[in-house]
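The whole structure should be built from the sequences, with the hints applied where relevant.
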Amino acid sequence: MSGLANELQRRWNPNCEVEGGRDVVIKVGFQLGAGGNVVGDVSSQILRGPQSAVGQAAADRAVRAVYAAAPFRDLPREFYGQRITVNFNAREACS
36 MSGLANELQR RWNPNCEVEG GRDVVIKVGF QLGAGGNVVG DVSSQILRGP QSAVGQAAAD
96 RAVRAVYAAA PFRDLPREFY GQRITVNFNA REACS
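Residue 36 is where the sequence shown starts when you use our numbering, and the numbers rise one by one after that.
Hint data in this document are derived by calculation from the structure and do not stem from the laboratory. The beta carbon of each residue, even a glycine, is placed where N, CA and C say it ideally should be. Honestly, I wouldn't trust all of these hints.
Said to hold, decoys possible - No farther apart than 20 angstroms at their CA atoms in a straight line, the calculated lysine to any residue pairs in the SDA-like style are these:
| id | residue 1 | residue 2 |
| --- | --- | --- |
| 1 | Lys62 | Ala103 |
| 2 | Lys62 | Arg118 |
| 3 | Lys62 | Val74 |
| 4 | Lys62 | Leu82 |
| 5 | Lys62 | Ala105 |
| 6 | Lys62 | Asn50 |
| 7 | Lys62 | Leu39 |
Stated by the list, open to error - Pairwise CB distance ranges (calculated):
| id | residue 1 | residue 2 | range |
| --- | --- | --- | --- |
| 8 | Val53 | Glu113 | 35 to 43 angstroms |
| 9 | Leu82 | Asn48 | 13 to 21 angstroms |
| 10 | Glu113 | Asn50 | 16 to 24 angstroms |
| 11 | Arg99 | Gly38 | 14 to 22 angstroms |
| 12 | Glu52 | Val74 | 30 to 38 angstroms |
| 13 | Asp95 | Arg118 | 15 to 23 angstroms |
| 14 | Asp109 | Ala88 | 31 to 39 angstroms |
| 15 | Gly116 | Ser87 | 33 to 41 angstroms |
| 16 | Pro111 | Cys51 | 31 to 39 angstroms |
| 17 | Gln80 | Phe114 | 34 to 42 angstroms |
| 18 | Glu42 | Asp76 | 15 to 23 angstroms |
| 19 | Gln80 | Cys51 | 35 to 43 angstroms |
| 20 | Gly75 | Glu54 | 13 to 21 angstroms |
| 21 | Ala92 | Arg112 | 29 to 37 angstroms |
This is the structure we're talking about:
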């Protein structure tokens, strides 16, 4: 699971240069089908940081990172069909 989170964090592109951009933590949730594709919508929630356009932009970018990384083919079978949640931490991504 950490490999999946690392891959998503790598694909995420938070705006580190704007005020509050480094303080954002976003939680995304999604489900994978048998082929590793995303099934349904990816949900996002701002856990920490500005509840503003900066936070929403970070959340939108996190959702796009999930879609960009699909299909997820190297996961254990038990992940397919399950709800997966991953936190995106801008402090880690901006360092």
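Here's how the hints hold up against the structure:
1. At roughly 17 angstroms between alpha-carbon atoms, Lys62 and Ala103 fall within 20 angstroms of each other, so this suggested pair holds.
2. Simply put, Lys62 and Arg118 have alpha-carbon atoms about 13 angstroms apart, close enough for the 20 angstroms limit, and the pair holds.
3. Annotation: proposed proximity of Lys62 to Val74 holds, straight-line Cα distance about 17 angstroms (limit 20 angstroms).
4. A threshold of 20 angstroms between alpha carbons decides the hint, and for Lys62 with Leu82 the separation of about 7 angstroms falls inside it, so the pair holds.
5. Between Lys62 and Ala105, the direct Cα distance comes to roughly 17 angstroms. Compliance with the 20 angstroms bound is thereby established for this hinted pair.
6. For the hint linking Lys62 to Asn50, the alpha-carbon distance of about 16 angstroms falls within 20 angstroms, and the restraint holds.
7. Among the hinted pairs, Lys62 with Leu39 is consistent with the structure: their alpha-carbon atoms are about 14 angstroms apart, no more than 20 angstroms.
8. Hint check: Val53 to Glu113, Cβ distance near 39 angstroms, so the stated range 35 to 43 angstroms holds.
9. At roughly 18 angstroms, the beta carbons of Leu82 and Asn48 sit within the given window of 13 to 21 angstroms.
10. In this structure the supplied range 16 to 24 angstroms is violated for Glu113 paired with Asn50, their Cβ-Cβ distance being about 35 angstroms.
11. For Arg99 and Gly38, the hinted distance range of 14 to 22 angstroms is satisfied, since their beta carbons lie about 20 angstroms from each other.
12. In this structure, Glu52 and Val74 meet the distance hint of 30 to 38 angstroms, their C-beta atoms being roughly 35 angstroms apart.
13. Distance hint check for Asp95 and Arg118: the Cβ-Cβ separation is about 20 angstroms, which falls inside the suggested range of 15 to 23 angstroms.
14. For Asp109 and Ala88, the hinted distance range of 31 to 39 angstroms is satisfied, since their beta carbons lie about 35 angstroms from each other.
15. Restraint check, Gly116 to Ser87: a C-beta distance of roughly 35 angstroms satisfies the suggested window 33 to 41 angstroms.
16. A hinted range of 31 to 39 angstroms holds for the C-beta pair Pro111 and Cys51, which are about 33 angstroms apart.
17. Taken as a hint, the range 34 to 42 angstroms is violated for the pair Gln80 and Phe114, whose Cβ atoms sit roughly 21 angstroms apart.
18. A beta carbon spacing of about 20 angstroms between Glu42 and Asp76 agrees with the range 15 to 23 angstroms that was offered as a hint.
19. For the hinted restraint 35 to 43 angstroms between Gln80 and Cys51, the CB-CB distance of approximately 20 angstroms leaves it violated.
20. Evaluation of the 13 to 21 angstroms hint for Gly75 and Glu54 yields a failure: the beta carbon distance comes to about 34 angstroms.
21. Under the hint 29 to 37 angstroms, the C-beta atoms of Ala92 and Arg112, about 35 angstroms apart, fit the expected range.
In summary, the numbered hints that this structure violates are 10, 17, 19, 20.
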